[in-house]
Amino acid sequence: MIIKDKSLIKSSEITDKAIFLSRRKLIKAAAGLSLAPFVPSVIADVNAQKKYQSIPVGPYSAALKVTDFEDVSSYTNYYEFTSNKSDSTALAKGLKTSPWNVTIEGEAEKTGVFNLEDILKANPLQERIYRFRCVEAWAMVVPWIGFPLGEMLKQFKPTSKAKYVEFTTLYNPEVMIGQKSASLEWPYVEGLRMDEAMHPLSFLATGMYDDELPNQNGAPLRLIVPWKYGFKSIKAIVKIRFSEEMPATAWNKSSAGEYGFYANVNPEVPHPRWSQSRERVLGGGLFTPKRDTEKFNGYGEQVASLYSGMDLKKFF
Amino acid sequence: MRLSKKSWAVIKTIVFLLSLLPFLFLVNDALQNQLGANPIETLHFRLGDWAIRFLCIGLVLTPIKKLFKQSWPTRFRRMMGLFAFFYASLHFLVYSILDLELSWRLFIDEVPNSPYILIGLFTYALLIPLALTSTKGMQKRLGKWWIQIHRLVYLAAVTAVVHYLWLVKADYNEPLLYAAIVFILLLLRVRFKGQLYRYQRTSN
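In order, the protein sequences belong to chains A and B.
Its first residue numbered 935, the first sequence is counted upward by one per residue in the working numbering.
Its first residue numbered 17, the second sequence is counted upward by one per residue in the working numbering.
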């Protein structure tokens, strides 16, 4: 995998904004086709209303073919609304994502209720193009807009007692009607070990594809841990808690033998009911074969050391 | 219902075409690129849904016949059973060709570790002899054995539901609905058998 560690000059300093955007868009969309001179104005107009179009590309963004926005935004596991991956789009429309508060609790010096807008002001946005791999063996590549989780957590000055970070999704069964069903224990909780949370790959996203996150993709704030199965990447976060104990996480509580706390992408450790050795990349059509799953979803070079000495078959 | 042979032929043709509709919709959606972000999964799931639905439709005919003392349901039993087999076959083919790429290596790698796939394959294996012996000729040739063989459909309905339940991650509503339907359909048979038994005893 190619990791680009670009140090980007702010776009507005080097090129006229519209031209820059159109180029950037085309590079992403056309993947190398040199159409740039022919369509810039049209593309710029299309993007005119997007909120995050001039966000710079951050480090660790792999040179991968980005999955179509249509696919990423119409195929989501969001059990708070439904277990149906396409029905979640319409059901999630009713969720009010602004104003949005995030409660910071537990083993940190600075705790309390924080407005998301203030959090965003304190954390400059960047784009990360990451692989995303679901435990159900489908995968995609998404350009997320957000900021490194670790940088944000540091601002709350976690104490030496903080060994884990626990995240909680909004609980509002009137709107999130899936929460009326007992499919999982609500609210949804996820967690990371402190060193995992502080790893520069761990990311909090508030947007994707140059715009705000669609509700079904976890607006207004979601976690992205690209080397772990997608269920770790909790959506609509309202609470972050620093704790001494390992958090009890939603899918682990639902079926401990199938969904571990670590949930690192690993082709060698099958789900008890299905193989993880291959994955279906979305957007491939009917006759594209599955691809081989990569250990740590292709981020082994960056994260394997977090788990040195651990038996990954035991701590799955 | 007293209808002419010709009328029944027309009705049967209409039922046949209606039963084919889910397949035609799928083909249309595939050609129009309307199968969503994961088209293979959509094909696979929708075909599986229709296989289990036609199994249920096939199993509801005899209870209707007995409850309402009608003879017409029997006329559709073979067609509904064969449509269940048709959708199950396509479901199996989509998995074998588009997912496993007809590769033994992948089959050996992935299938033995997936109990729900194993029971799915078992279900399909049960349906094969039923489809093969569905003709009138086979029915005559096999005599009383025909009924015995075709009781396998009860087992197939149960294993089909288990196949569905076993693949679900957390939301069991839909497979449980099918489980309830199959349970009721099988329970009705136990009841009828009891009734029949009582009837025979009193008439003796």
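Please keep in mind that the hints were generated in silico from the structure rather than gathered at the bench.
Beta carbons are placed, not taken as given, at the ideal position from N, Cα and C, and that holds for glycine.
Hints may contain errors.
[Said to hold, decoys possible] Computed far set for chain B versus chain A, every beta-carbon distance over 12 Å: (1) L19; (2) S20; (3) A46; (4) T78; (5) S105; (6) K185.
[To be verified] Computed cross-link-like contacts, DSSO-like style, restricted to lysine-lysine with a CA-CA straight-line distance of at most 30 Å: (7) A:K1173 - A:K1088; (8) A:K1030 - A:K1088; (9) A:K1030 - B:K185; (10) B:K209 - A:K1247; (11) A:K1055 - A:K1088; (12) B:K209 - B:K152; (13) B:K185 - A:K1027; (14) A:K1044 - A:K984; (15) B:K185 - A:K1114; (16) A:K1187 - B:K185.
Practice item. Kindly indicate which numbered hints from before are broken by the structure, ordering the numbers from low to high. Key: 3, 6, 10 and 14
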